Amino acid sequence: MKGAWTIYRREVAGLFFTPLAWVLLCLALLFHGFYFSYYLSGTGGDVNLALSLSLGGGFDFWILLMILPPLLTMRMISEEAESGMLEFLLTAPVSDAGLVVGKALAATTVMTLLWSSSVVFAAVLAWQGGQPDWGQVVGGLLGAVLVSALFCSLGLVASAMSSVALLAAFLAFVFNLLAVALPVVQSQFQGSLREVAAEFVRRVNVIDHLQRSFSAGAFDSADAVFFLSWIGVFLFLAIRLVESRRWR
Amino acid sequence: MGFLGVNGAGKTTTMRILTGYLPATTGSVRVAGFDVLRQSMEVRKRIGYLPESVPLYREHRVEEMMRFQARLHGMTRADAKRRTGDVLERVDLLDRARTPVGKLSKGLRQRVGIAVALLPNPEVLILDEPTSGLDPMQRVAVRELLKSLAADHTVLLSSHILPEVEAVAPRMIIIHRGRIAAAGTRAELVEQLGSGTHVRVEAFVGPAVADAIRLFESIEGVSRVHDRGKLGIHHQFEVECETDLREDVGAMAAAKGWALRELSWHAPELEQLFSRVALELGSHDPAEPQGGQPAPGAEAPPAPAIEAGPGLLSLSVSGPDDDAPASTPPPAADAAPKRIVYNLNPFDQGADRDLGKPKSTDS
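Each protein sequence line maps, in turn, to chains F and G. Heads up: the first sequence runs through residues 1 to 248, numbered per our numbering. Heads up: the second sequence runs through residues 1 to 363, numbered per our numbering.
This is chain F alone, in the form it adopts within the complex (with noise of 0.2 Å):
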């Protein structure tokens, strides 16, 4: 893992230097800060539910989820493949593990920034009068920045596995759509593989893991256990990727 918090200063840096991350900000912000208020009055103002919702439980949460993390890691793979950025640090003693899980952290801290409006919009809240649980909220956070985490890895395997920047990001979406949808797909089954469809599902659904503890408010270890992994397979299969390069 050598080198990756080197790496991980400089992505952070070169993302706040770019107007892409500024822009990408501004407009989720925006968006969700909308979907928040919205939520409060949909609610009648039940301020745990609007928290619970924008973190995690409502529409918003997953189509920022689905678009930003492709937008934020695109570049940070394919782009240096191609400038020779890439060449220039497999040359340097920074490790192909410590490379790609700075860059993963980089985007994951974009995504935190994001999600953390949420705990703002809560203070205010309190501020104003209203009975937040924090507990909520910190758990709520915590769910948010590990499906971002997992969102992003999948980013830098799309990131790997193209040359151009822009493809890396459909790809990316793709493989984020696939895994949000997936519940969808498996009501499409019948009969006796639809039980087998049923359980995989139940096993892989982001959705169901993220909302079942997080954003209620508890923690289940088995939950972090399953973010974890997954974002050691991603990692894992982003590192091969770019170690693939030096022979393909």
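Possibly wrong hints are sitting among the right ones.
Unchecked claim - Pairwise CB distance ranges, derived in the manner of DEER restraints:
1. F:F59 / G:L37: 49 to 57 Å
2. G:I161 / F:V164: 30 to 38 Å
3. F:V120 / G:G85: 40 to 48 Å
4. G:T99 / F:E82: 22 to 30 Å
5. G:V140 / F:V120: 54 to 62 Å
If you are wondering where the hints come from, they were derived from the structure by calculation, not from laboratory data. Quick caveat, the model's predicted, so the values are computed rather than measured. All C-beta atoms in this analysis are idealised placements derived from N, C-alpha and C, irrespective of residue type, glycine included.
Dock chain G against the given chain F, drawing on the hints supplied.
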């Protein structure tokens, strides 16, 4: 050490193998005593590599790029600061430390690339085409910089331009199609790539060209004689020999009464030998007839450059009146205006021709 080869010869691939970026299909590579595959990190710590594309983060300032490299190599903050100042001074970029890399010209970016590679004070500096795409002034500056670096570092650089490598590297490796065609110092390369040294003779030998070749070949030390064809009335030969035999060849010509026009000693330049490797000609031209025998058609008309005479050496005069003198045979009464053509090429149609007389007349 300079890597030399045409585009696609394998220079970049070799450098990538040396840096551990690409694995070698066979064999092993050791840099600074470490195996590049098994002890990759140790090698990476000891090399400074500048790929041909000069990868730099364009959004970063020069000093930020240097700081990034320092962190990658685990340098302390104080060490990084000191080295950044030293290195930027060395590449003459101290005044650009706060300029974003993207705003620098290609030549300056190239120097930033060299500075970044140089920052960790590597034992081995590997530079892939460090002067490509630069203007002549920048090229000279980079060349001077590389020369000064060679005193403290092992510098490996590649180029497809021979004078570039020749100017900087005392030792060269010529790579062709992934193989070493030749390696060594300039003098050693000239020796390895086939000498090609010869005495060039241009003389009027009359019709007995084959006899002249045999006589030249009889001189001690002559390996082959090439017939280079006729140039006017004179015949051109290349007498291949290891040592300068101008006196022997000149004495032979004097003894035979051949009028000499040129007698010179030629040792091929490294560039010519490199071109020969690049064109896969080997040390001898395969099209060349073996054993010094004249090529078929060696008695053919002179070289085209001279044959271009009618335009270059011939004078065409269109007479102002139709009754121009000295036109033989007399023109027919209804003929078009006569053209009198003087041929001023002294080598055309033999030496004893009167140049004052017209070559031919036509209508």
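Tested hints:
| no. | hint | in the structure |
| --- | --- | --- |
| 1 | F:F59 / G:L37: 49 to 57 Å | holds, 50 Å |
| 2 | G:I161 / F:V164: 30 to 38 Å | holds, 33 Å |
| 3 | F:V120 / G:G85: 40 to 48 Å | holds, 43 Å |
| 4 | G:T99 / F:E82: 22 to 30 Å | holds, 24 Å |
| 5 | G:V140 / F:V120: 54 to 62 Å | holds, 58 Å |
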